[in-house]
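J.: Chain B: place on chain A using the hints.
From first to last, the protein sequence lines are chains A and B. Residue 228 in my numbering sits at position 214 of the first sequence, with consecutive numbering throughout. Residue 102 in my numbering sits at position 88 of the second sequence, with consecutive numbering throughout.
It is worth saying that the hints were derived from the structure and are not from the lab. Among these hints, one or two may not hold up.
Identical copies carry no separate label here, and so any pair may be met within one copy or between two of them.
[As the list claims (entries may be wrong)] Below 20 Å or equal to it, Euclidean Cα-Cα: the simulated EDC-like pairs (lysine to aspartate or glutamate) are:
hint: 1; residue 1: LYS272; residue 2: ASP320
hint: 2; residue 1: LYS72; residue 2: ASP56
hint: 3; residue 1: LYS204; residue 2: GLU341
hint: 4; residue 1: LYS130; residue 2: ASP296
hint: 5; residue 1: LYS88; residue 2: GLU201
hint: 6; residue 1: LYS204; residue 2: ASP87
hint: 7; residue 1: LYS88; residue 2: GLU169
hint: 8; residue 1: LYS261; residue 2: ASP232
hint: 9; residue 1: LYS71; residue 2: GLU33
hint: 10; residue 1: LYS204; residue 2: GLU86
hint: 11; residue 1: LYS130; residue 2: ASP87
hint: 12; residue 1: LYS261; residue 2: GLU33
hint: 13; residue 1: LYS224; residue 2: ASP29
hint: 14; residue 1: LYS50; residue 2: GLU112
hint: 15; residue 1: LYS71; residue 2: GLU201
hint: 16; residue 1: LYS204; residue 2: GLU169
hint: 17; residue 1: LYS261; residue 2: ASP296
hint: 18; residue 1: LYS210; residue 2: GLU33
hint: 19; residue 1: LYS204; residue 2: ASP167
hint: 20; residue 1: LYS71; residue 2: GLU345
Protein chains: 2
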Amino acid sequence: MSTGLAISLDAMGGDNAPEMVVRGADIARRRFPQAKFLFFGDEAKVRPLLDSLPDLKKVSALRHTVSVVTMEDKPSQALRSGRGSSMRLAIDAVHNGEANAVVSAGNTGALMAMAKFVLKTMPGIDRPAIASFFPTLRSESVMLDLGANVQCDAENLVQFAVMGNVFARTVLGVREPSMGLLNVGSEELKGHDAVKVASGILRQATLPGKFYGFVEGDDITRGTVDVIVTDGFTGNVALKSIEGAVKLYSHFLRQTFKSSWIAGIGYLLARPAMNALRARVDPRRYNGAIFMGLNGVCVKSHGGTDAFGFANAIGVAVDMVTNGAIEKMREDFALLQAQTSAQAAAL
Amino acid sequence: MSTGLAISLDAMGGDNAPEMVVRGADIARRRFPQAKFLFFGDEAKVRPLLDSLPDLKKVSALRHTVSVVTMEDKPSQALRSGRGSSMRLAIDAVHNGEANAVVSAGNTGALMAMAKFVLKTMPGIDRPAIASFFPTLRSESVMLDLGANVQCDAENLVQFAVMGNVFARTVLGVREPSMGLLNVGSEELKGHDAVKVASGILRQATLPGKFYGFVEGDDITRGTVDVIVTDGFTGNVALKSIEGAVKLYSHFLRQTFKSSWIAGIGYLLARPAMNALRARVDPRRYNGAIFMGLNGVCVKSHGGTDAFGFANAIGVAVDMVTNGAIEKMREDFALLQAQTSAQAAAL
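With the rest of the complex left out, here is chain A:
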């Protein structure tokens, strides 16, 4: 299966696994006819599901696994005792060359720790980062890091910019992505040392994409840039703040439509359009947090998603593989390292 497009799936990860995983793969199969699927999980549970989907079964293989990483397992625990787990073996398949990418809806911390341990960090990258994409006023943007590294220096931020840029090219389909550093103001003098130094490096470097400069919190959803670069603390807080704000607004809106019977009729008339709006911001469409910076594609699906959401997480993995994300990152990091060495030699 090393040629072509093979996706390794942790069939046991997620609230509604394995059914959600198998049905998600079936949706992805229709979208990506070239894809093959390698399931890791409890044969007694997964086999009947595959049997019920003969078209999926034709392009799938199933490996029986005896243990499961639970949501309660600590990353260190999962690393030590999870060697036979569906999650670990699904990751191993990428390392062995049996699969091109792995997708899991299981325990995030355990998946990160295992993927980093097995696939190793790419040369030139100090720390992998979590990236995710979302709708904006303009189109779609990607932000990283979203929580893998709570403290980051300038080098880390520069590396995140390179990774995010590759993501925008390979998944969002942007030819020359713009990158912005998240800060508390757009002036050169604003912010702490890490963002100021990173800005200087990105301004100097000749890399794919365009460095825009500093962006602020409201630029995230405005879509000012394709790639928003920040440390894992700020990125995590910003993304969750946005999710919270959308929930607050939706709640107020529901109350509004319930506030009078005339408003209620208004809602009934607007309902088809409201459903279209809901579909547009449906979090399942943006499902898939990507561990960037490893020697392999690893996508984390939301644990509570359904088959449609899981299929989209598979879609992210397929896009990254098909468009050569790993190769592009290797090239860009070689470029960055050459430029940094040249600058150091010139000093």
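T.: Relative to chain A, chain B alone:
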């Protein structure tokens, strides 16, 4: 004017000053009949406005000032050469005891620098912070710091918690406010050192209010706690991210109602309710960023607001003065210092 309630106003600060300031004071006068107003500004411009509002004029005094701090002035520049400015003299009035609080819609950086220079930081506080409040699913919450300090240690965060707590008691009317530290997860082990150490201190301390523990980005608008404590970098990004998300949602919603003529009729029927929603989240209702931690009440109004918004910024100042915010902060910081010294002595 030192007894009673006197509010010092920078009549020249803001996009639509001085008219917006004077009309804002007139709205505030109706709401707070006990208040007196001390205007600092160009007499030729302010006097005619006051003459046109005789009821306001009765409770107002006007001091002619010759210069204005512009939006382009750097804080250092404003400090050096702005001694005769409307902003500086309005702040001086609080220091001299002529007024109990100052409100300005002018240059934020200049106002912070001047207020800190003139009013000085309160004993026990290392750094003042910017606080602001906003609507939540539950009611209203306050968050700080929003950008005064891009890097903060644990002590700073603990002090912000005490300041935010006083704000919730005096402005939001919460008897025993709950406080949460913004973090990337709610578990004890999450986050960087500053939040972990601050959490330990707040858990030990016996202060007014209840320490909730860690909160995440989506807890901000959920209203999980009354006071959200964070460093100025994260707080600024989080608040602006929320503002951006609300704009995105409003934009999508407008598009939704325009997407078909039936949806358009739906909108017409729901319009009165939609207007009520808009009033509920109206940023003018939440106008007023407060510089907490100084020996005096200093409120920054949004520069682009109107008279209604400016009146609300005056309202925040009035609430803080009337409910003894400065005295409460002095008490709480004395309490905190006594506990910290006792702990240090016990070691």
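J.: With identical chains, the pair LYS204 and GLU86 could be close in the same copy or across copies; at 20 Å between alpha carbons, which is it: within, between, both, or neither?
T.: For LYS204 and GLU86, the Cα distance is within 20 Å only across copies (15 Å; inside one copy 41 Å).
J.: Using 20 Å as the alpha-carbon threshold, which applies to LYS130 and ASP87: within, between, both, or neither?
T.: within (17 Å within a copy, 49 Å between copies)
J.: If the cut is 20 Å between Cα atoms, do LYS50 and GLU112 qualify within a copy, between copies, both or neither?
T.: Classified as within; 11 Å inside a copy, 78 Å across copies.
J.: What label fits LYS88 with GLU169 when the C-alpha limit is 20 Å: within, between, both, or neither?
T.: neither (29 Å within a copy, 30 Å between copies)
J.: 20 Å Cα cut-off: does LYS204 pair with GLU341 within a copy, between copies, both or neither?
T.: neither (35 Å within a copy, 33 Å between copies)
J.: Measure nothing new, just compare the shortest in-copy and cross-copy C-alpha distances for LYS204 and ASP167 to 20 Å and report within, between, both or neither.
T.: This pair counts as both: shortest intra-copy Cα distance 16 Å, inter-copy 19 Å.
J.: Quick one: LYS71 to GLU345, C-alpha cut-off 20 Å, is that within a copy, between copies, both, or neither?
T.: Classified as neither: same-chain Cα gap 37 Å, cross-chain 71 Å, threshold 20 Å.
J.: Have a look at LYS130 and ASP296 and pick one of within, between, both or neither, based on CA distance no larger than 20 Å.
T.: Neither: 30 Å inside a copy, 46 Å across copies.
J.: Pop the pair LYS261 and GLU33 into one bin, within, between, both or neither, using alpha-carbon distances up to 20 Å.
T.: Classified as neither: same-chain Cα gap 28 Å, cross-chain 38 Å, threshold 20 Å.
J.: Please work out whether the CA atoms of LYS88 and GLU201 approach to 20 Å or closer within one copy, between two copies, in both situations, or in neither?
T.: between (42 Å within a copy, 12 Å between copies)
J.: Between copies, within a copy, both or neither: which fits LYS210 and GLU33 at Cα up to 20 Å?
T.: The answer is neither: 48 Å in one copy and 40 Å across copies each exceed 20 Å.
J.: Should LYS71 paired with GLU201 be assigned to within, between, both, or neither, using CA atoms and 20 Å as the limit?
T.: So LYS71 and GLU201 fail the 20 Å test inside a copy (56 Å) and across (41 Å) alike.
When held up to the earlier numbered hints, the structure conflicts with 1, 3, 4, 7, 12, 13, 15, 18, 20 and fits the remainder.
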